[in-house]
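A.B. asks: Please model the entire structure based on the sequences and the hints provided.
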Amino acid sequence: MRELARREAYNETHESSTDSQAKLFRKSRRIGALLCYIGHLLADNRHGLVVNAQVTQASGTAEHSAAAKMLADATQVTCALHYGWGRQALRRGGLRGESPRQLCDATCGAETGGSTIDGRTTRWAGYAISQRKRKCVEQVFGWGKTVGRIRQVMYRGRERVEQVFPLTQAAYSEMQRDNPRLDRETKT
1 MRELARREAY NETHESSTDS QAKLFRKSRR IGALLCYIGH LLADNRHGLV
51 VNAQVTQASG TAEHSAAAKM LADATQVTCA LHYGWGRQAL RRGGLRGESP
101 RQLCDATCGA ETGGSTIDGR TTRWAGYAIS QRKRKCVEQV FGWGKTVGRI
151 RQVMYRGRER VEQVFPLTQA AYSEMQRDNP RLDRETKT
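If you read the sequence shown in full-length UniProt numbering, its first letter stands for residue 1, the second for the next number, and so on.
These are computed hints drawn from the structure, not numbers from a lab.
Every residue, glycine too, gets a C-beta built ideally from N, C-alpha and C.
Treat each hint with caution, since some may be false.
[Said to hold, decoys possible] BS3-like, lysine-lysine: derived pairs with alpha carbons at most 30 angstroms apart:
#, residue 1, residue 2
1, 145, 135
2, 69, 145
3, 69, 27
4, 145, 27
5, 69, 135
6, 133, 69
[Stated by the list, open to error] If you anchor each label on the Cβ, the simulated ranges turn out as follows:
#, residue 1, residue 2, range
7, 163, 17, 33 to 43 angstroms
8, 73, 139, 30 to 40 angstroms
9, 20, 120, 42 to 52 angstroms
10, 135, 174, 31 to 41 angstroms
11, 33, 124, 35 to 45 angstroms
C.D. replies: Rendered as structure tokens:
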């Protein structure tokens, strides 16, 4: 039994018996690979309301391709991106859009290849604000995992998961929209 636990699992050799579309994905070196899909969010920087939500199959490039698609659909000029988004490939893809975009990134570790964000971006006050606003997206995922039941989705198949994930995010946005605190923040 211990040999099975130590053996590494790969997408080429392992497949879920209940959901053949789910792929093995590991978030860090400390955590083993799990069968999953990846959820992506695009949120409004001012209020933290979800603007776009997508689900993709787990892969090493899924986050970057989904971010590029969501940024292409966005009408806002400024966006805040999470760790690792300052990579040169995404920056080039993001900067090809019609409007200039401020691609924000925290200092990345050696695992992600370092940050490509230079002083031209980090000197603006909007960069510092975007660093603080990242918490809004993390709150959306946290609420979805605890209340919205997306931590362990009960549905099998990407099509069903794609139906549940945006509905959960829409419920969070609706709950936030009814929050009287947003009215006070908007007026100030």
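A.B. asks: Indicate, hint by hint, whether the structure satisfies it.
C.D. replies: We went through each hint and held it up to the structure:
1. 145 <-> 135: Holds, at roughly 15 angstroms.
2. 69 <-> 145: holds (24 angstroms)
3. 69 <-> 27: holds (22 angstroms)
4. 145 <-> 27: The given pair, whose Cα atoms are some 16 angstroms apart, holds under the 30 angstroms limit.
5. 69 <-> 135: OK: residue 69 and residue 135 at ~22 angstroms, within 30 angstroms.
6. 133 <-> 69: holds (21 angstroms)
7. 163 <-> 17: 33 to 43 angstroms: violated (22 angstroms)
8. 73 <-> 139: 30 to 40 angstroms: Given range 30 to 40 angstroms: violated, Cβ gap about 22 angstroms.
9. 20 <-> 120: 42 to 52 angstroms: Holds - the Cβ-Cβ distance for residue 20 and residue 120, about 46 angstroms, lies within 42 to 52 angstroms.
10. 135 <-> 174: 31 to 41 angstroms: Because 20 angstroms falls outside the window, the suggested range is violated.
11. 33 <-> 124: 35 to 45 angstroms: With Cβ atoms ~39 angstroms apart, the hint holds.
Violation of the numbered hints given earlier is confined to hints 7, 8 and 10; the remaining hints are satisfied by the structure.
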